[in-house]
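A.B. asks: So you can see what is in the structure, the chains are spelled out below.
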Amino acid sequence: MLDGLASHIEHYMDLLSVRQKLVASNIANADTPGYKTRDIDFQQEFQSAIGNEPPAVIEAPGLKIKNDGNNVSMDRESRLLAENALRFQVATELMRSEIQTLRSAIQEGSGS
Amino acid sequence: MSLFDALSVSASGMSAQRTRAELLTENLANAETTRTPEGGPYRRKDAVFATDYGVSPFASVFEAQTGDGAGGGLAGVGVADITVDNREPERRYQPGHPDADAEGYVAFPRINPAEDMVDLMGAARGYEANVAAVAAVKDMIQHSIDLFH
Chain A
1 MLDGLASHIE
11 HYMDLLSVRQ
21 KLVASNIANA
31 DTPGYKTRDI
41 DFQQEFQSAI
51 GNEPPAVIEA
61 PGLKIKNDGN
71 NVSMDRESRL
81 LAENALRFQV
91 ATELMRSEIQ
101 TLRSAIQEGS
111 GS
Chain B
1 MSLFDALSVS
11 ASGMSAQRTR
21 AELLTENLAN
31 AETTRTPEGG
41 PYRRKDAVFA
51 TDYGVSPFAS
61 VFEAQTGDGA
71 GGGLAGVGVA
81 DITVDNREPE
91 RRYQPGHPDA
101 DAEGYVAFPR
111 INPAEDMVDL
121 MGAARGYEAN
131 VAAVAAVKDM
141 IQHSIDLFH
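Chains as they are written, first to last, in the numbering used here: chain A, 1 to 112; chain B, 1 to 149.
Simulated from the structure, these hints should not be mistaken for lab results.
Possibly wrong hints are sitting among the right ones.
Claimed, not checked - Below are the BS3-like pairs computed for lysine-lysine, each with C-alpha atoms no more than 30 Å apart in a straight line:
1. Lys36/A / Lys138/B
2. Lys66/A / Lys45/B
3. Lys36/A / Lys66/A
4. Lys36/A / Lys45/B
5. Lys36/A / Lys64/A
6. Lys64/A / Lys45/B
Bound conformation, chain B alone:
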C-alpha cells in the first residue's frame, strides 16, 4: 500500500493512450493506401481498452506476502484488443490507377480524417491527464520524503 502503485497505474494509462495515438496516426498516414501485405486497401485500426489489475506485479506479490492488500487491487488500463474496421472499402472511379478493377474503380480505405483527428485529440488529452496524475502523486511522495529533513 504505497503511493508508488499509483505511478504504475498512471504509467499504464499513458502507455495505453500512446498506443491509441500510434494507431490513429497510422490511420491518418494510410488514408490513401491501396496496397497492403494482406491484400486490398488499408483498413482502419483502433484500440480497445480494458481494466488491468496486474499493472504493478511487484506490488501485488509484495502485498500478497505481507497481507497488506488494501483497496482490492488497483485498476490500471491496458490495450485488450486492436480492432480492424471491416466496412466495405470506398470505391472511387480512377481508371488510370494501377489498382483499378475491370470497371475502373479503385478500393480506397474508408477513413474519415476528421474522425481520426478528434480521436487523436482525445488520446492526447487522456495522456495529459495521466501526466498530471503522475505529477500530483510525485509531489505527495516528495513531501513524505521531506519529513526526514
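Same shape as in the complex, but just chain A:
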C-alpha cells in the first residue's frame, strides 16, 4: 500500500538518522586527540539502490587537522546538526501526507 514515494522517504529518513548519529559522535569527540570526523556520502548513498545495506562510513575530506590530530570542525557539525533535523522534519511531513492520503481512502470506503 505505502510503496513508491513512501519507501523513498523512509530511505531518506534512515540516511538522515545515520548521518545525525555520526554528527552527534563527532561533537562528542570534538576534544579527543587523533579523532577524525566521520560522515557518509549522502548523495551517493541515496542514489545507490534503495537497499538494505548499511551506508559506508567515510572520513570527511578537506578538514583542517589541529595539533592534537583531531579535525572536528564545530561549525561544520553544528550546521549539519541543524540541517539534518530540518530535513528530517520535511521528510516526516511528507510521510504524514502520504499516510493521510491512505487514511482518507480507507475512511471514504467505510462511509458509503
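Dock chain B against the given chain A, drawing on the hints supplied.
C.D. replies: Frame of chain A; chain B shown alone:
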C-alpha cells in the same frame, strides 16, 4: 539502528566534558594548596579523552543479535586517563610559612589560573554542543512519533 543511540553518544560527550570541568575546578580550588595526602603540594590534573565504541551496550547487543549493525559502531567518548602534572612545584620565599623548607622556600602548585579558566570555558562549550545535539536528535525522534497521530 535507531536515533536513540545518538542520545547515548551525546550523553557520553556530556559526561566526559563534565569530568574535565570537575578536574579543572579542582585545580583552581587547589591553586594554593601546599599539603596533600600524598605529600607535597597539589599537582594539576587533566582528563585525556579517548573514543569509546561501547557507549550503548544495549544497542550493541541488540544489533549483534538482529544483524542490523549499521554505521560500523558509533563512536562515543570516554575519559581514558587522568594525568597528573609532574612539573617541579613553584618555589616561593615565605620563611614564616609552616611548610617552608630549611631555606625558607615553600613549594606551591604550578597552576596558571588563566590556563585552567580557558580550558574550563572549552569544557563548558563542549558540554553545550552536546546538549544542542541531544535537543536536535530529540526533535527528530519526536517528529517520528508524531507520525502516529
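A.B. asks: Verify the proposed pairing of lysine 36/A with lysine 66/A, using a straight-line Cα cut of 30 Å.
C.D. replies: holds (10 Å)
A.B. asks: Do the alpha carbons of lysine 66/A and lysine 45/B lie within 30 Å of each other, as the hint requires?
C.D. replies: Satisfied, since the Cα-Cα distance of roughly 23 Å is no more than 30 Å.
A.B. asks: Hint check: lysine 36/A vs lysine 138/B, CA-CA at most 30 Å. Holds or violated?
C.D. replies: holds (25 Å)
A.B. asks: Check whether the Cα positions of lysine 36/A and lysine 64/A lie no farther apart than 30 Å.
C.D. replies: holds (10 Å)
A.B. asks: For the pair supplied as a hint, lysine 64/A and lysine 45/B, is the alpha-carbon distance within the 30 Å limit?
C.D. replies: holds (29 Å)
A.B. asks: Measure nothing beyond the straight line between the CA atoms of lysine 36/A and lysine 45/B; if it is 30 Å or shorter, mark the hint as holding.
C.D. replies: holds (26 Å)
This entry satisfies every hint, going by the numbered hints stated previously.
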